[in-house]
Amino acid sequence: DGGITQSPKYLFRKEGQNVTLSCEQNLNHDAMYWYRQDPGQGLRLIYYSQIVNDFQKGDIAEGYSVSREKKESFPLTVTSAQKNPTAFYLCASSIGQGFTGELFFGEGSRLTVL
Amino acid sequence: AQSVSQHNHHVILSEAASLELGCNYSYGGTVNLFWYVQYPGQHLQLLLKYFSGDPLVKGIKGFEAEFIKSKFSFNLRKPSVQWSDTAEYFCAVNDRWGKLQFGAGTQVVVTP
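Top to bottom, those sequences are chains A and B.
Note that this note's numbering gives residue 109 to position 109 of the first sequence, counting from 1, and the numbers run on in steps of one.
In short: position in the second sequence from 1, add 1000, done, that's this note's numbering.
Don't take every hint at face value.
Over 10 Å on every C-beta distance to chain A, these chain B residues come out as not near it, computed from the model [to be verified]:
id: 1; residue: His1009
id: 2; residue: Ile1012
id: 3; residue: Ser1018
id: 4; residue: Tyr1027
id: 5; residue: Gln1042
id: 6; residue: Gly1053
id: 7; residue: Ile1068
id: 8; residue: Lys1078
Derived pair list, reagent style DMTMM-like, types lysine to aspartate or glutamate, alpha-carbon separation capped at 20 Å [as the list claims (entries may be wrong)]:
id: 9; chain 1: A; residue 1: Lys57; chain 2: A; residue 2: Glu69
id: 10; chain 1: B; residue 1: Lys1099; chain 2: A; residue 2: Glu62
id: 11; chain 1: B; residue 1: Lys1099; chain 2: A; residue 2: Asp30
id: 12; chain 1: B; residue 1: Lys1071; chain 2: B; residue 2: Asp1095
id: 13; chain 1: B; residue 1: Lys1071; chain 2: B; residue 2: Glu1020
id: 14; chain 1: B; residue 1: Lys1061; chain 2: A; residue 2: Glu102
id: 15; chain 1: B; residue 1: Lys1058; chain 2: B; residue 2: Asp1085
id: 16; chain 1: A; residue 1: Lys83; chain 2: A; residue 2: Asp54
id: 17; chain 1: A; residue 1: Lys57; chain 2: B; residue 2: Asp1095
id: 18; chain 1: B; residue 1: Lys1058; chain 2: A; residue 2: Glu102
id: 19; chain 1: B; residue 1: Lys1071; chain 2: B; residue 2: Glu1088
id: 20; chain 1: B; residue 1: Lys1099; chain 2: A; residue 2: Glu15
id: 21; chain 1: B; residue 1: Lys1099; chain 2: A; residue 2: Asp59
id: 22; chain 1: B; residue 1: Lys1049; chain 2: B; residue 2: Glu1064
id: 23; chain 1: A; residue 1: Lys57; chain 2: A; residue 2: Asp30
id: 24; chain 1: A; residue 1: Lys71; chain 2: A; residue 2: Asp30
id: 25; chain 1: B; residue 1: Lys1049; chain 2: B; residue 2: Glu1020
id: 26; chain 1: A; residue 1: Lys71; chain 2: A; residue 2: Glu24
id: 27; chain 1: B; residue 1: Lys1049; chain 2: B; residue 2: Asp1095
id: 28; chain 1: B; residue 1: Lys1078; chain 2: B; residue 2: Glu1066
id: 29; chain 1: B; residue 1: Lys1049; chain 2: A; residue 2: Glu102
id: 30; chain 1: B; residue 1: Lys1069; chain 2: B; residue 2: Glu1015
id: 31; chain 1: A; residue 1: Lys70; chain 2: A; residue 2: Asp54
id: 32; chain 1: B; residue 1: Lys1078; chain 2: B; residue 2: Glu1088
id: 33; chain 1: B; residue 1: Lys1099; chain 2: A; residue 2: Asp54
id: 34; chain 1: A; residue 1: Lys70; chain 2: A; residue 2: Glu24
id: 35; chain 1: B; residue 1: Lys1078; chain 2: B; residue 2: Asp1054
id: 36; chain 1: B; residue 1: Lys1099; chain 2: A; residue 2: Glu102
id: 37; chain 1: B; residue 1: Lys1058; chain 2: B; residue 2: Glu1088
id: 38; chain 1: B; residue 1: Lys1069; chain 2: B; residue 2: Asp1054
It should be emphasised that the hints constitute simulated quantities derived from the structure, not laboratory data.
Heads up, the beta-carbon is just placed ideally off N, CA and C, and yes, glycines get one too.
Please work from the sequences and hints to get the whole structure.
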């Protein structure tokens, strides 16, 4: 089945630890995105990548880092510099290199920092 | 900055009632408009989209949305809801920089 796979689904970490969330897609989509979902705030864009080896900051990039070494993979690292990392993280992809098309979302990763 | 406003955070209604969810955006240029839905335990998925043409857009599961440019609105409607429409609904707008901005979401609960 084609789609987006995020792992892990649930993750607990202590304060001060970096955490990497995995996102893999087999849809052959050019663009990939990371969003953060908080109750009452909708989805906020963290980073996006429109092509391999290139990525741009979204609206709330501080405390996060990404890489795009392969077309199908776009891992997100939540660093210790992120002041409020507990959240639900969503990865998405789209055909083409812009935001004009439909986004396909993964099932999300819920990170809890203790 | 571009913003997307959804008027209601929570809506509770009975089966067979009509549903209308409001969405307004702040950008005055050309926009692409979307409604996404997140059913309980499922991933976000596209409900419908508007790029150009007929401002009344029909989506999946009997939903439709109307783009009113003069009001900067893209309201979602369904004439008769079912229990299975219980979900969170997100309006999204593609702004001038190409980034997709989401509204805060509306949680809809349909009671039997």
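The hints, checked one at a time:
1. Not every CB of chain A is more than 10 Å from the CB of B/His1009 (nearest about 7 Å), against its label as outside the interface.
2. Taking the minimum C-beta to C-beta distance to chain A, about 17 Å, the non-interface status of B/Ile1012 holds against the 10 Å cut.
3. In this structure B/Ser1018 is separated from chain A by more than 10 Å, as the shortest Cβ-Cβ distance comes to about 24 Å.
4. For B/Tyr1027, the shortest C-beta to C-beta distance to chain A comes to about 13 Å, beyond the 10 Å cut-off, and the non-interface label holds.
5. With a cut of 10 Å on Cβ distances, B/Gln1042 falls inside the contact zone with chain A, its closest approach being about 8 Å.
6. In this structure B/Gly1053 is separated from chain A by more than 10 Å, as the shortest Cβ-Cβ distance comes to about 14 Å.
7. Separation of B/Ile1068 from chain A is adequate, the least Cβ-Cβ distance of about 21 Å exceeding the 10 Å criterion.
8. No Cβ of chain A approaches the Cβ of B/Lys1078 within 10 Å, the least distance being about 20 Å, so the stated non-interface status holds.
9. In summary, the hint linking A/Lys57 to A/Glu69 is supported, as the alpha carbons are separated by about 16 Å, within the 20 Å threshold.
10. For the proposed pair B/Lys1099 and A/Glu62, the alpha carbon gap of about 17 Å is at most 20 Å, so the pair holds.
11. In summary, the hint linking B/Lys1099 to A/Asp30 is supported, as the alpha carbons are separated by about 15 Å, within the 20 Å threshold.
12. Between the alpha carbons of B/Lys1071 and B/Asp1095 the distance comes to roughly 16 Å, so the proposed pair stays at or under 20 Å and holds.
13. With a CA separation close to 16 Å, the supplied pair B/Lys1071 and B/Glu1020 stays within the 20 Å bound.
14. A distance of roughly 17 Å separates the Cα atoms of B/Lys1061 and A/Glu102; the hinted pair therefore holds under the 20 Å criterion.
15. Taken as a hint, the B/Lys1058 and B/Asp1085 pair is honoured in the structure, with Cα atoms around 16 Å apart against an allowance of 20 Å.
16. The suggested pairing of A/Lys83 with A/Asp54 is violated, with an alpha-carbon distance near 26 Å, which exceeds 20 Å.
17. Taking the CA atoms of A/Lys57 and B/Asp1095, the gap is near 16 Å; set against the 20 Å cutoff, the hint holds.
18. Of the pairs offered as hints, the one joining B/Lys1058 and A/Glu102 holds, with about 15 Å between alpha carbons and a cut-off of 20 Å not exceeded.
19. A distance of roughly 24 Å separates the Cα atoms of B/Lys1071 and B/Glu1088; the hinted pair therefore is violated under the 20 Å criterion.
20. Taking the CA atoms of B/Lys1099 and A/Glu15, the gap is about 31 Å. The hint is violated against a cut of 20 Å.
21. A hinted pair counts as satisfied when its Cα atoms are at most 20 Å apart, and B/Lys1099 with A/Asp59 qualifies at roughly 9 Å.
22. Restraint check for B/Lys1049 and B/Glu1064: satisfied, since their Cα atoms lie roughly 10 Å apart, inside the 20 Å limit.
23. Of the pairs offered as hints, the one joining A/Lys57 and A/Asp30 holds, with about 17 Å between alpha carbons and a cut-off of 20 Å not exceeded.
24. Proximity of A/Lys71 to A/Asp30 is assessed by CA-CA distance (about 7 Å); at most 20 Å being required, the pair is judged to hold.
25. Between B/Lys1049 and B/Glu1020 the CA atoms are separated by roughly 16 Å; this keeps the pair inside 20 Å, and the hint holds.
26. At most 20 Å may separate the alpha-carbon atoms for a hinted pair to count; A/Lys71 and A/Glu24 meet this at roughly 9 Å.
27. For the suggested pair B/Lys1049 and B/Asp1095, the alpha carbons sit about 14 Å apart, so the restraint of at most 20 Å is met.
28. Straight-line distance between C-alpha atoms of B/Lys1078 and B/Glu1066 comes to about 11 Å, which keeps the hinted pair within the 20 Å bound.
29. For the proposed pair B/Lys1049 and A/Glu102, the alpha carbon gap of about 8 Å is at most 20 Å, so the pair holds.
30. A distance of roughly 31 Å separates the Cα atoms of B/Lys1069 and B/Glu1015; the hinted pair therefore is violated under the 20 Å criterion.
31. For the hint linking A/Lys70 to A/Asp54, the alpha-carbon distance of about 10 Å falls within 20 Å, and the restraint holds.
32. The straight-line distance between the Cα atoms of B/Lys1078 and B/Glu1088 is roughly 14 Å, inside the 20 Å bound, and the hint therefore holds.
33. Restraint check: the Cα-Cα separation between B/Lys1099 and A/Asp54 comes to about 16 Å, which is no more than 20 Å; the hinted pair holds.
34. Between A/Lys70 and A/Glu24 the CA atoms are separated by roughly 10 Å; this keeps the pair inside 20 Å, and the hint holds.
35. With a C-alpha separation of about 18 Å, the suggested pair B/Lys1078 and B/Asp1054 falls inside the 20 Å cut-off, and the hint holds.
36. Between B/Lys1099 and A/Glu102 the alpha-carbon distance is near 12 Å, which keeps this suggested pair within the 20 Å criterion.
37. Distance restraint check for B/Lys1058 and B/Glu1088: the Cα-Cα separation of roughly 19 Å lies within the 20 Å cut-off, and the hinted pair is therefore satisfied.
38. Using a Cα cut-off of 20 Å, the hinted pair B/Lys1069 and B/Asp1054 holds, with the two alpha carbons roughly 12 Å apart.
Going down the numbered hints, you'll see the structure goes against 1, 5, 16, 19, 20 and 30, while the others check out.
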